[in-house]
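Asker: Here is how the chains run, residue by residue.
Protein chains: 2
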Amino acid sequence: MRISELARRSGVSVPTIKYYLRVGLLTAGRTTAHNQALYDDSHVRQLRLVHVFVDIGGLSVMATRDLLTAINRSGVSAERLLGAVDAAWAPTRRRGSGGESRDEVRPALTALAAGRGWRMPRDGHTLQRLADACAAARTLDMKELCDALDAYAKAAEHMAECDIAVATALAGRLGPGPDRAGPDRAVLLETVIAAIVLGDAVLAALHSMAREDGLARLLGRWAAGSCDGDRDEESPFTFT
Amino acid sequence: MRISELARRSGVSVPTIKYYLRVGLLTAGRTTAHNQALYDDSHVRQLRLVHVFVDIGGLSVMATRDLLTAINRSGVSAERLLGAVDAAWAPTRRRGSGGESRDEVRPALTALAAGRGWRMPRDGHTLQRLADACAAARTLDMKELCDALDAYAKAAEHMAECDIAVATALAGRLGPGPDRAGPDRAVLLETVIAAIVLGDAVLAALHSMAREDGLARLLGRWAAGSCDGDRDEESPFTFT
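If you read the sequences in order, they're chains A and B. The first sequence finishes on residue 240 if you use the working numbering, and the numbering steps up by one all the way, no holes. The second sequence finishes on residue 240 if you use the working numbering, and the numbering steps up by one all the way, no holes.
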């Protein structure tokens, strides 16, 4: 297909496709005698993956290019790739900052991970983000949030179970069968990584919906004059 | 205290504090005879809140200014404020894109929310993000992810329960007591909103840790030659 058809089928504009070709995010098409390039289904798929990583996951164009290149390079272990995705992903979502209180909370967080039997994250970025958030909670005198860390960890395990279930199901369908044949493993690997990115977006949106609903109910209870059903309190959220 | 002491206590640099003063994110200090400004604990607290919203939550400086202004303006309902935070927050985390498949998945998502008894989000942004992710999953032939929506929704409810528990505990401590006295309600409101932002960061980090651990175990099982304990499969993730 020509670039215009590729744009129509992928939903990505022609100028953007040309930009992706220029930076090597999309493999070149097959050049014809008329000095035109022809594209196929593999290009449609590449653009759909790019949409997931860039538009939904928030990865930079260059990080996405490096990720897709690494996936298609044999010899790179999946575990290293997944770690690299997480590291590339995190800074686009959060920025941390130093501080003494961060160092103070680290031992408690290491103990939390150990208590749940989690291996410690390789790069330390994740633990740092967690320590940043807990340190900020401490400086703002929110001991309630720090006290809830175990509850948050249980919820996080629940989230991860969803990811693992989807990854397992994908591998069951796309992975090599007992005959060791089957589709390209790079396809499975990029599908699993894209599923993790999409699962995160799905969870973020559903969490937002569930939280909005829960907060509305809580505010409703406060507005009705009862905070926990026993006390008769004015809503702390209504400004009069 | 002088600006240098404010910088030391808040961990924010003097040039950044001056920038925040210029754009109205930080209230002005008390000017002295020597043409200097003096700051107090309220400024330290403001800078700590700014750190949460800007550095950890990823809100823009202007959105944070508008949020803090709205919190301190009486007459703005907490529910509207929380909705505004969510809307201001979302675009910094994800960008969506149009597409026909997005419209196709909408009814299923609306049914999902209704099935769980959630009120529909007011602004539609959240539902759109969810629809974007599901549409992308469909175009990449990941039915496993779409099939897991109910499981993701349960995990999201679990996440929201943590938020609501923390908000309830904070309101119980900071909210007005039976004597209707107690600290400023704006303090409670900004604390609850900051706690939600921090809770999200905590969940993201813990989710990342739990997922990394879960994926490592899954890869380990595959590497050991058994996908689900029954089949003897080569790891689909190992490139040879």
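Do not rely on the hints blindly, as some may be mistaken.
Pairs of lysine to aspartate or glutamate residues, derived as DMTMM-like cross-links and limited to a Cα-Cα distance of at most 25 Å, are as follows [as the list claims (entries may be wrong)]: (1) 154(B) / 147(A); (2) 154(A) / 150(B); (3) 154(B) / 104(B); (4) 154(A) / 213(A); (5) 143(B) / 86(A).
Because the hints were derived from the structure by calculation, they are not lab data. For clarity, every value in this text was computed on a predicted model and none was experimentally measured.
Asker: Keeping to a limit of 25 Å between CA atoms, is the pair of residue 154(B) and residue 147(A) held or broken?
Answerer: 23 Å, holds
Asker: Need the status of pair residue 154(A), residue 213(A): alpha-carbon distance at most 25 Å?
Answerer: 21 Å, holds
Asker: For the pair supplied as a hint, residue 154(B) and residue 104(B), is the alpha-carbon distance within the 25 Å limit?
Answerer: Holds. Residue 154(B) to residue 104(B) sits at ~23 Å (cutoff 25 Å).
Asker: Just to be careful, I want the Cα atoms of residue 154(A) and residue 150(B) compared with a cutoff of 25 Å; is the pair within it?
Answerer: Cα-Cα ~18 Å, so holds.
Asker: Under the criterion that the straight-line Cα-Cα distance not exceed 25 Å, is the pair residue 143(B), residue 86(A) satisfied?
Answerer: 23 Å, holds
Checked against the numbered hints given earlier, this structure breaks none of them.
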